[in-house]
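Number of protein chains: 2
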Amino acid sequence: MPELRQDQVTGWWVVVAKERAKRPDDFIRRGRAAPPTCPFEYGHESMTPPETLAFRPDNSAANTPGWIVRVVPNKFPAFTPENHAEVVDGLYRRRTAYGVHEVVVHGPEHDLSLATYPDEQVAEVLRAYKLRYEYHKRQPYTRYVQIIINHGKEAGASLEHSHSQLFAIPLIPELPKIQLKGAADYFYQNNRCIYCDIIASEIAEGARMIDQSEHFIAFVPYAAKLPFETWITPLQHKSQFETISDSERIDLASMLRRTLKRFYNGLDNPPYNMYLHTSPPGYDLTDAYHWHMSITPKLTIQAGFEMGTGMTINVTIPEDSAKFLRGVQHIEHGN
Amino acid sequence: MPELRQDQVTGWWVVVAKERAKRPDDFIRRGRAAPPTCPFEYGHESMTPPETLAFRPDNSAANTPGWIVRVVPNKFPAFTPENHAEVVDGLYRRRTAYGVHEVVVHGPEHDLSLATYPDEQVAEVLRAYKLRYEYHKRQPYTRYVQIIINHGKEAGASLEHSHSQLFAIPLIPELPKIQLKGAADYFYQNNRCIYCDIIASEIAEGARMIDQSEHFIAFVPYAAKLPFETWITPLQHKSQFETISDSERIDLASMLRRTLKRFYNGLDNPPYNMYLHTSPPGYDLTDAYHWHMSITPKLTIQAGFEMGTGMTINVTIPEDSAKFLRGVQHIEHGN
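From first to last, the protein sequence lines stand for chains U and R.
In terms of the working numbering, the first sequence opens at residue 6 and continues consecutively.
In terms of the working numbering, the second sequence opens at residue 6 and continues consecutively.
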């Protein structure tokens, strides 16, 4: 059963989940072999744990073909709902990694991804995000929900079929905590959302803008941590992703798909990571926080300097990254 | 010229160093081609900037063959001593990335590394660390010195010839700051060094121990962030690495080489990252902080969950990692 262990000096928690690997000496051959057949295709539904959500326009039975988006528990979970216990033993503090680890399968087609699906399919994936957020935030153990995408082997995907992962976990992790604290500090001092101020400033300046729609903007942050890091965030202040309306969701789907298509066309279908930051349940800084997606192609390696300092070295100027992504052609679907 | 940009929400700094890459569209072919000849071998001294330190038992001339360890400025520096300026422009704050970025070439032999060199050679590398620490800490701009090793392409090394990198930088980065604060908090509450307490506890428990010598221990931390993460730290309390005595340095060389040989033999010469954490100049928590090296083989990929949360998922139980590394055979030199 996975557990959480606390670093005695920093207070940061680590997930220890041996279920996700084999024995230590299996590292000599580095990593798990890919399964012979893809568990995320039609007809392979029994290869995954039973689904927790699926959109089935044809009213097909659960765990059979016919779905267009399917959510299942991760077969090798980093968090499990088995029990909830904490042990403090001298300097050592650990907890069960109580929570949920799910997979959102983006569609049945093995060779498509969010960059190449129609906008309508991406909108269904976002609907699954919203529904699972709403479900998990109501659970008593959930303090935080993290949705991510690892696309491509170099970005950490163990299966190539396009999917997201959702973690419902029993604590607010350190990086979101630092971000929430920064937003709260700014709000106390200025009585405004710092993200709203950044958005206004980015639109006025323009140099880091990539795209703008009715409800969203895509831009490269001023202090982008890595080349081509891109944020998508609502123009209007909103702290919680899951309050997204249907029309906003459809607009976001198009913005997300277009942004990923810029990566796909401009950077030759790169591996990438996405994470969604939104105000946590029970700790909603309604006026101070502003939800956003961060998407970063995996083009460089974080190494000793980053591990030792927490600072990243971005080898591309953010304004150059934005200019390059703005200029990518044929981002409309079907081009 | 590289610059530092501050994230407006978190306050964390990012290095923007376009000198270390080409134009954005060069990422399509992903990364720099390897140079045709290795700049770190005898006879190629003119391929690097002039040396800042070299050990030359034969009294050979600077920037010619004959050295046994050689320190040179990085040809593609992330920090440069060119000027020192800060600009605040509305929400945006940036500084020149003022500082020094050096390379410590571990020896002239292209096919050896710290795992396979004799202890005496490793001791000379550590002597270079000590001398460069002592030099850089005296410079008025230096607030922090980070020494790291990226070994192997997957661990971020752009040249395969064994080397370390040293960064003398004008601020204390966030991760060391969090660690220093944690150590200070523990000291205020307990009047003891937390690392000294951890060391005593690890020796008493034994389950995470790997090795012990006259002056040092090697162990897997309780909340190890990744598989086989190993710390080497002095048994006696000492906040600053650069105060190491000659006999301690020779003992450390053997411990470091043996530890890396455990990786080399047990995990098939894996890529790895090392970083050295020591009390910063001008901010020496003499009684509260305790210097240590962290060495981690690069066997897994940090992905969306880690980027979004700052939490890592360690797929190996720390006690299993330690047991495996303890059991590795033939770690003495010449075996």
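It is worth saying that the hints were derived from the structure and are not from the lab.
You may find that some hints are simply not true.
[Claimed, not checked] Keeping only pairs whose Cα atoms sit at most 27 Å apart, straight-line, the calculated BS3-like set for lysine-lysine is: (1) R:K142 - R:K182; (2) U:K182 - R:K328; (3) R:K80 - R:K158; (4) R:K23 - U:K328; (5) U:K182 - R:K182; (6) U:K158 - R:K182; (7) R:K186 - R:K158; (8) U:K186 - R:K328; (9) U:K186 - U:K142; (10) R:K328 - U:K266; (11) R:K266 - U:K23; (12) R:K142 - U:K23; (13) R:K266 - R:K182; (14) U:K266 - U:K182; (15) R:K266 - R:K186; (16) R:K266 - U:K186; (17) U:K266 - U:K158; (18) U:K23 - U:K158; (19) U:K80 - U:K23.
All of these numbers come straight from a predicted model, not from anything done at the bench.
Hints, one by one, checked against the model:
no.	hint	verdict
1	R:K142 - R:K182	17 Å, holds
2	U:K182 - R:K328	35 Å, violated
3	R:K80 - R:K158	18 Å, holds
4	R:K23 - U:K328	15 Å, holds
5	U:K182 - R:K182	16 Å, holds
6	U:K158 - R:K182	33 Å, violated
7	R:K186 - R:K158	34 Å, violated
8	U:K186 - R:K328	40 Å, violated
9	U:K186 - U:K142	21 Å, holds
10	R:K328 - U:K266	47 Å, violated
11	R:K266 - U:K23	25 Å, holds
12	R:K142 - U:K23	42 Å, violated
13	R:K266 - R:K182	31 Å, violated
14	U:K266 - U:K182	31 Å, violated
15	R:K266 - R:K186	33 Å, violated
16	R:K266 - U:K186	43 Å, violated
17	U:K266 - U:K158	18 Å, holds
18	U:K23 - U:K158	20 Å, holds
19	U:K80 - U:K23	13 Å, holds
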